[in-house]
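Peer 1: Residue-level listing of the chains:
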Amino acid sequence: MKIEVEGLEFSYKEHAVLRGLDFSAEGGDVVAVLGPNGVGKSTLFRCLLGFLHPQKGGIRIDGRDIRTMSSAETARCIAYIPQSVSPAFNYTVQDTVLMGLTNQLGTFQSPRSGDVRKVVEVLDSLGIAHLRHRGCGQISGGERQLTLLARALIQNAGILVMDEPTANLDYGNSWRVMERIADLARGGYTVIFSTHDPNHAFMHANRVLVLKDGGALAVGAPREVLTEGVLSRLYNINVLIRRVPYNGGEATISLPAGAANSD
Amino acid sequence: MSELERNGKFSYRIKFVVLAAAFVAVFFGSFIFGRYAVGFTDLVKILANRLPFVKIEQTWTDAAETVAINVRMPRIIAAAVIGAALSTAGASYQGMFRNPMVSPDILGASTGAGFGAAIGILMGFNYVGITISSFGLGLAAVFLAYVISRASRLNGTLSMVLAGIMVSSLFSAGTSFIKLIADTQNQLPAITYWLMGSLNSIKGSDALFVSVVVAVGLIPLILLKWRINLLTVSEDEAKSLGINTGRLRFVVIICATLVTAAAVSVSGMIGWVGLVIPHFCRLLFGYDYRRIIPSSILLGGAFMMVVDNLARTVTTGELPLGVLTAFVGAPVFVWLILRGGASDEN
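Top line first, the protein sequences correspond to chains A and B. Take 45 as the starting number for the first sequence in our numbering and just add one per residue. Take 20 as the starting number for the second sequence in our numbering and just add one per residue.
FYI, nobody ran anything at the bench for these hints, they're computed from the structure. A couple of the hints might just be wrong.
Per the computed footprint, the stretches of chain B lying under chain A, defined by three or more beta-carbons under 8 Å from a beta-carbon of chain A, are [as the list claims (entries may be wrong)]:
#: 1; stretch: 224-237
#: 2; stretch: 241-247
#: 3; stretch: 253-263
#: 4; stretch: 306-314
DEER-style ranges, computed between Cβ atoms [what the hints assert, rightly or not]:
#: 5; chain 1: B; residue 1: F269; chain 2: A; residue 2: M45; range: 57 to 67 Å
#: 6; chain 1: A; residue 1: H97; chain 2: B; residue 2: T203; range: 56 to 66 Å
#: 7; chain 1: A; residue 1: H177; chain 2: B; residue 2: N89; range: 29 to 39 Å
#: 8; chain 1: B; residue 1: F269; chain 2: A; residue 2: L299; range: 47 to 57 Å
#: 9; chain 1: A; residue 1: D214; chain 2: B; residue 2: F269; range: 39 to 49 Å
#: 10; chain 1: B; residue 1: L242; chain 2: A; residue 2: S184; range: 44 to 54 Å
#: 11; chain 1: B; residue 1: V353; chain 2: A; residue 2: K46; range: 56 to 66 Å
We put the CB at the ideal spot given by N, CA and C, even for glycine.
Make the full structure from the sequences, and use the hints.
Peer 2: What follows is the structure in structure tokens.
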């Protein structure tokens with residue numbers, strides 16, 4: 045599925061958050077959205093999901109303006125994976141994933157036993173089928189993130205929007221979740237995720253959107269866009285970019301190198 | 020389907036069947052309890068004789084029939100309906116506010132209804148007038164809280180809770196004021212007794228009123244039971260799953276308020292049921308509202324019938340229901356807190 049953002053402008057009252065943002069992504073793309081805290085990443089995502097209506101510009105999914113789509117229609121195109129937090133009610137993994145079927149059910153309909161089979165298949169594809177009767181409050185943060193990913197997959201949407209998918213996850217779980225995301229993109233999904241770690245963009249994304257002061261500071265391939273200068277300006281610290289041998293090839297990593305010179 | 024899943028479904032079904040059987044047993048058993056003894060055989064004959072095309076030779080006294088049909092039946096039906104209404108409303112509100120500690124009076128329905136009843140008693144209305152005034156002001160209180168929360172800049176759930184607290188305290192201050200100016204011989208005791216909750220003066224027309232209104236409120240909640248699950252996740256998640264959260268929340272508020280106001284207007288203030296019964300349902304059936312809603316109806320109804328049986332039999336006088344439910348509810352709540360809530364189940 046293709047998503048196109050053109051001249052997007054959004055402000056809360058007088059406070060402009062997004063100014064003239066342009067980018068697009070299609071099936072197979074993994075777009076990492078980078079930017080300091082408060083730059084408007086969440087606002088951008090809320091616009092993409094149709095929760096906020098931009099004052100100017102537009103968002104099109106496969107050529108169709110998102111403003112003309114109902115919430116159920118949007119849910120058939122875009123799925124949202126929030127940060128993994130402990131839920132208020134301890135639903136089982138299976139019940140949580142079943143919620144992803146809502147857009148395929150009538151208002152008064154409930155999932156049937158055939159739907160449970162679909163849940164098992166999706167959980168199996170993510171390697172967590174054995175957890176399906178466990179409560180979401182009793183599994184690890186990484187497993188919970190995979191559960192939310194399963195809920196998004198069963199939604200049958202082609203675009204996955206993920207708000208810091210590795211926040212609150214340990215090193216191993218971060219890696220496992222990001223690997224699954226890369227697998228999904230290889231399978232044809234369009235993935236857009238926000239992150240505070242440039243290394244996630246280098247390792248897992250094929251495109252990067254760098255936000256600064258509400259506009260796109262740079263858009264493109266991670267190695268071209270994420271230069272030492274851009275990252276230093278973005279986070280106000282000195283950053284070193286290094287190429288290291290990795291898995292028989294080469295990987296790019298960024299390293300913090302002390303406070304930026306304030307002059 | 021795996022063996023575990025089959026076993027799981029099987030055990031849920033068994034639990035439901037046991038719960039439904041307990042509801043039916045408590046319903047019919049309640050006819051027997053009371054100061055005037057009605058034998059089980061007589062009861063079966065009296066009830067069967069009321070069925071169409073059934074004619075049984077009378078072996079019971081007229082007094083037994085009057086007690087069973089005119090006195091106890093409206094009261095038992097009202098108790099079952101009120102228990103079902105309050106616990107289902109509580110369960111729905113808890114899901115909607117993503118907080119298992121919420122009770123049906125969170126938006127002011129009960130305090131509004133209490134104020135309405137106090138006004139009705141002060142103005143010398145008859146029983147029907149008091150019920151109507153109580154029901155109307157119960158609805159008005161929630162409407163006021165809803166309007167205030169819509170006008171607020173705070174996020175939806177927080178503003179609704181704050182508006183509910185504000186409206187509740189306003190109406191409860193109003194009730195205190197009415198108690199202050201009420202005639203201390205007749206009106207003040209009547210208001211105080213009403214506020215403690217009782218089904219002592221229930222008539223057939225009350226049972227019919229509460230049954231019809233509660234049915235109108237409960238049917239949409241039963242039909243929407245799957246979707247109520249979605250209100251328990253964050254607003255953004257629920258929207259991204261494809262539901263109109265504002266519309267769904269509005270329907271749930273209308274229905275839960277309707278059943279709460281109807282119940283309180285007939286019975287007076289009865290706390291704890293709407294808070295504690297949904298917890299038990301979660302312990303027994305898990306968190307899915309497809310099971311919580313029907314089990315709340317059965318367990319809430321059965322619980323209230325048992326409490327009302329106690330209210331009319333434990334002492335020579337009537338014990339107020341609000342007092343009894345708190346006596347039963349408070350220890351249960353302490354037990355739930357000590358064991359860490361229902362969150363470790365399933």
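Peer 1: Could you run down the list of hints and mark each one as holding or not?
Peer 2: Each hint, compared with the structure:
no. : hint                        : verdict
1   : 224-237                     : violated (count 0)
2   : 241-247                     : holds (count 5)
3   : 253-263                     : holds (count 9)
4   : 306-314                     : holds (count 3)
5   : F269/B - M45/A: 57 to 67 Å  : violated, 32 Å
6   : H97/A - T203/B: 56 to 66 Å  : holds, 60 Å
7   : H177/A - N89/B: 29 to 39 Å  : violated, 50 Å
8   : F269/B - L299/A: 47 to 57 Å : holds, 52 Å
9   : D214/A - F269/B: 39 to 49 Å : holds, 41 Å
10  : L242/B - S184/A: 44 to 54 Å : violated, 37 Å
11  : V353/B - K46/A: 56 to 66 Å  : holds, 58 Å
In this structure, the earlier hints numbered 1, 5, 7 and 10 are contradicted, and the remaining ones agree with it.
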